[in-house]
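**Student:** One-letter residues, chain by chain:
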Amino acid sequence: MSIASELKIVFTGPMGAGKTTAITAVSDFPPVSTEMQNNDQQSFAKESTTVALDLGQIGLGDGTVVRLYGTPGQERFSFMWEIVGRGSMGVILLLDGTSPTLLADLKTYTEVFRRIAPDQPFVVGVGRTRPDDYTQIDACLRVIESLQFSAPVFSVDVRKREDVLLLIETLLATLEVSQPEFAT
Amino acid sequence: MTLPNSRFDADLVRLGAHHLEAFAAANADVLLAVLTSGDGFEVASYPPNQTMTPKIAAMSSSMQALSEALTREAGLAKNRNVIIETDSGTVLILGLAGTQRLSLAIVAKSGELLGKLLWASRNLCKKLETSLQK
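Order-wise, the sequence lines are chains A and B. Residue numbering for the first sequence follows the numbering used here, starting at 1 and increasing by one per position. Residue numbering for the second sequence follows the numbering used here, starting at 1001 and increasing by one per position.
In short, the hints are calculated from the structure, not lab data. Just so it is clear, the structure is predicted and the values come from calculations on it, not from any experiment. One or more of the hints may lead you astray.
[As the list claims (entries may be wrong)] Capping the alpha-carbon separation at 30 Å, the derived lysine-lysine pairs in DSS-like fashion look like this: (1) Lys-107/A with Lys-1134/B; (2) Lys-1078/B with Lys-1116/B; (3) Lys-46/A with Lys-1134/B.
In isolation and in its complexed conformation, chain A is listed as follows (with noise of 0.2 Å):
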């Protein structure tokens, strides 16, 4: 069984928490990205950031099309999450695991996304983990089972492009279970 031809996942998350990495290092052609100097270094000290969003295409082996959108990670960006967010076959939220606020952002995004993709697969990727601690893991998970609902929850690296395919692909594996009217 294949998932049907042309799909759309979303991936959102806080500021600095690896969209547009994770999106560039899978993408099949250089991202259509909407990035621009970051002027709010208090909040996270980086160089850019996305404002728009970020567009990337993967093409699986049964020539599937995964169109890979990324939302822009400040709040006063939220009238983009809805645009991004509409339509979408499932959410890959991506969070930093050394932020204070990790959990936080996993309610905050998780309740926002379940309303603008409500039943649609999610998958969460926890980066900056300390190798074997599964403490953040573990937290995300009670977060998550207290909102009443299921999600898997993985440590990654988005920069290596293994990390960022487990992630497509546990989504894309759920997708067929719980919509199989998406599978071809």
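Given the coordinates of chain A, assemble chain B onto it according to the supplied hints.
**Tutor:** Structure of chain B alone, referenced to chain A:
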């Protein structure tokens, strides 16, 4: 005159506010003019302290970035401006030349002729660009 954003150099904010105020005074149908950073922060605006200004700033920077991405993908030269026309008014988004990646968002009532508004807005951009280079 208020200084809406401490992220930016105070002289830049004062200069922007001064030019926007003069522009609005000379163009009666302009409802809002916002000088915006590339990442969606208000640098200066006129009238100041409007509730909608932070959202307009963020949205205009997104649209400016999207239009740049679109023209880049299409193999066109760097885009100059984005024009949105509605039944009741017009929104212009113009990029300022220079390294700071600032843009200007103008919201005007429909009474203003588009050509005149565009001409006046481009002149404002040139004034801002010239002032910022000094």
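**Student:** All hints, please: hold or fail.
**Tutor:** Outcome of the hint check:
1. Lys-107/A with Lys-1134/B: 47 Å, violated
2. Lys-1078/B with Lys-1116/B: Given pair Lys-1078/B, Lys-1116/B holds - Cα atoms ~23 Å apart, limit 30 Å.
3. Lys-46/A with Lys-1134/B: Holds - the C-alpha atoms of Lys-1134/B and Lys-46/A are around 28 Å apart, at most 30 Å.
Going down the numbered hints, you'll see the structure goes against just number 1.
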